[in-house]
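Starting from the given sequences, assemble the full structure and let the hints guide the process.
Taken in sequence, the protein lines are chains A and B.
If you read the first sequence in this note's numbering, its first letter stands for residue 1, the second for the next number, and so on.
If you read the second sequence in this note's numbering, its first letter stands for residue 136, the second for the next number, and so on.
These are calculated hints, taken from the structure and not from any lab test.
Glycine included, each C-beta is placed from N, C-alpha and C at the ideal position.
Incorrect hints may appear among the rest.
Said to hold, decoys possible - Each computed BS3-like pair below joins lysine-lysine, with the alpha-carbon atoms no more than 30 Å apart:
(1) B:K198 / A:K21
(2) A:K84 / A:K21
(3) A:K84 / B:K198
To be verified - Label pairs and their computed distance ranges (CB to CB):
(4) A:P44 / B:G159: 17 to 27 Å
(5) B:W149 / A:G54: 47 to 57 Å
(6) A:L69 / B:C257: 52 to 62 Å
(7) B:P201 / A:S80: 34 to 44 Å
(8) A:T58 / B:D244: 41 to 51 Å
As a plain string of letters, each chain reads:
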Amino acid sequence: MINNPNESLLNPPKKIDLPVKSLMTFYMFVLNILAWACYSIIAPFMPLLYKKRGINETVMGYVIGIYSLSMVVLSPLMGSIINKIGRRWPIAIGSVMMGVTFLVFAFATYIESNEYFVALSLLLRILQGAGTVLL
Amino acid sequence: MSIVATFYPSNREWLIGVFEAAIGAGMMLGPFIGTVLWAWGGYVFMNLVIGGIFLVLALFIPKVFPSMIDLYTSCQKTADAEIYAGSSDHDSGVTISDVMKDLNLTRCDLLKTPRYIMPLICGMLGYW
Numbered sequence: 001m002i003n004n005p006n007e008s009l010l011n012p013p014k015k016i017d018l019p020v021k022s023l024m025t026f027y028m029f030v031l032n033i034l035a036w037a038c039y040s041i042i043a044p045f046m047p048l049l050y051k052k053r054g055i056n057e058t059v060m061g062y063v064i065g066i067y068s069l070s071m072v073v074l075s076p077l078m079g080s081i082i083n084k085i086g087r088r089w090p091i092a093i094g095s096v097m098m099g100v101t102f103l104v105f106a107f108a109t110y111i112e113s114n115e116y117f118v119a120l121s122l123l124l125r126i127l128q129g130a131g132t133v134l135l
Numbered sequence: 136m137s138i139v140a141t142f143y144p145s146n147r148e149w150l151i152g153v154f155e156a157a158i159g160a161g162m163m164l165g166p167f168i169g170t171v172l173w174a175w176g177g178y179v180f181m182n183l184v185i186g187g188i189f190l191v192l193a194l195f196i197p198k199v200f201p202s203m204i205d206l207y208t209s210c211q212k213t214a215d216a217e218i219y220a221g222s223s224d225h226d227s228g229v230t231i232s233d234v235m236k237d238l239n240l241t242r243c244d245l246l247k248t249p250r251y252i253m254p255l256i257c258g259m260l261g262y263w
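Here you go:
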């Protein structure tokens, strides 16, 4: 957390070594690939899953599209927030959020009611979009 | 991306291009990874594996990213403010509009730049 902007002028940060830099770049690269793979990962077997449960197929489009919608809404907000709280914790929070939402997605199939299942998947997709923005 | 872009000030455009490629590769690889894991162990297994990968990657973030990079944000802000105010040593006082006035560009010149024409051709071929 940085409260005083003049603090950094008095104590300029030390140079970061090249191996650490490359490692961070590579890490962000992997995280970006994974986060965007999550956007399209449910596309192949969602029709099968929804046909088995007997859910209307238009709902499928909403579940896929709401990810982009949450990204559109949240990216400008996160940009301004990240400038205030620093850049390290948003990445950690984002990847934890993605992990937890996938774990919840795994156990969402055991819900029997179709309405609750669709509502939960919409909510989880919004959270996944927020996690991608934080990365 | 915003973290990494501050490390390579001279190669920022190259780095942004690489990350755009990562986005494209991720969207391409998603259905592939999903189908392989789905065929291997089913829906629950696939979600558990992807969630587990994210949580394991999140464990190492405090080690990989030193807390120093939080300071980079405010430093960049003050540096940007100096450049905009014109008090920085690196600022030569030349703006983009001054350069554009001297060049006398026409619309035909836009079609001669490969950076503009190649995406145009690719897009037209793709839609065709």
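Okay, the hints, checked on the actual structure:
1. Taken as a hint, the B:K198 and A:K21 pair is honoured in the structure, with Cα atoms around 13 Å apart against an allowance of 30 Å.
2. Annotation: proposed proximity of A:K84 to A:K21 holds, straight-line Cα distance about 22 Å (limit 30 Å).
3. Under the criterion of a C-alpha separation no larger than 30 Å, the hint pairing A:K84 with B:K198 is consistent with the structure, at around 22 Å.
4. Between A:P44 and B:G159 the beta carbons are some 18 Å apart, a value that agrees with the proposed interval 17 to 27 Å.
5. For B:W149 and A:G54, the hinted distance range of 47 to 57 Å is satisfied, since their beta carbons lie about 50 Å from each other.
6. Taken as a hint, the range 52 to 62 Å is violated for the pair A:L69 and B:C257, whose Cβ atoms sit roughly 28 Å apart.
7. At roughly 24 Å, the beta carbons of B:P201 and A:S80 sit outside the given window of 34 to 44 Å.
8. At about 48 Å, the beta-carbon gap between A:T58 and B:D244 stays in the expected band of 41 to 51 Å.
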